[in-house]
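Student: Generate coordinates for the entire structure from the input sequences, incorporating the hints supplied.
So that you can map any letter, position 93 of the sequence shown is 93 in full-length UniProt numbering, and since no number is skipped, the others follow by simple counting.
Honestly, the hints are just simulated from the structure, not real lab data. Hints may be right or wrong, so weigh each one.
[As the list claims (entries may be wrong)] Dumping the calculated DSSO-like pairs for lysine-lysine here, alpha-carbon to alpha-carbon at most 30 Å:
1. K51 / K17
2. K51 / K13
3. K127 / K27
4. K43 / K127
5. K51 / K111
6. K95 / K13
7. K95 / K123
8. K95 / K43
9. K37 / K111
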Amino acid sequence: MNGVTQNLREVLKALAKSRCFDRVLEKVTLVSAAPGKVICEMKVEEEHTNKIGTIHGGLTATLIDNISTYALLCTERGLPGVSVDMNITYMSPAKLGEVVVITAHVLRQGKTLAFTSVDLTNKATGKLIAQGRHTKHLGN
Numbered sequence: 001m002n003g004v005t006q007n008l009r010e011v012l013k014a015l016a017k018s019r020c021f022d023r024v025l026e027k028v029t030l031v032s033a034a035p036g037k038v039i040c041e042m043k044v045e046e047e048h049t050n051k052i053g054t055i056h057g058g059l060t061a062t063l064i065d066n067i068s069t070y071a072l073l074c075t076e077r078g079l080p081g082v083s084v085d086m087n088i089t090y091m092s093p094a095k096l097g098e099v100v101v102i103t104a105h106v107l108r109q110g111k112t113l114a115f116t117s118v119d120l121t122n123k124a125t126g127k128l129i130a131q132g133r134h135t136k137h138l139g140n
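Tutor: Next comes the structure, spelled out in structure tokens:
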């Protein structure tokens, strides 16, 4: 396991134990981390679902927000930035018990803005569940 992966695992553990909203990520596990790319997994459990038993859209947005930020933390600059814009296209449901793979890439990182892309796919079928784009302001 490389140092980037280990550091990111520690971040995920700390967030899961926190009392803030990020604790909803408690069941997310880090698969791999490399410069500008992070892959995580999460089994859809009852607490993650909406009334019809599929992953809640708000949780999908949270996964895209946070895991794209983790990909930014894995760049040379290592800045999380603040959200400027995020859009999500929901393509198919993830049902209770299914495992979702969340893959985040940093597409471009400029002086003040970073652009990321995140795919959520069904681990068993490879079917695309949702796709997000997240733009973050990195500061001066």
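Student: Indicate, hint by hint, whether the structure satisfies it.
Tutor: Hint by hint, here is what the structure shows:
{"no.": "1", "hint": "K51 / K17", "result": "26 Å, holds"}
{"no.": "2", "hint": "K51 / K13", "result": "28 Å, holds"}
{"no.": "3", "hint": "K127 / K27", "result": "21 Å, holds"}
{"no.": "4", "hint": "K43 / K127", "result": "15 Å, holds"}
{"no.": "5", "hint": "K51 / K111", "result": "43 Å, violated"}
{"no.": "6", "hint": "K95 / K13", "result": "25 Å, holds"}
{"no.": "7", "hint": "K95 / K123", "result": "12 Å, holds"}
{"no.": "8", "hint": "K95 / K43", "result": "9 Å, holds"}
{"no.": "9", "hint": "K37 / K111", "result": "19 Å, holds"}
When held up to the earlier numbered hints, the structure conflicts with hint 5 and nothing else.
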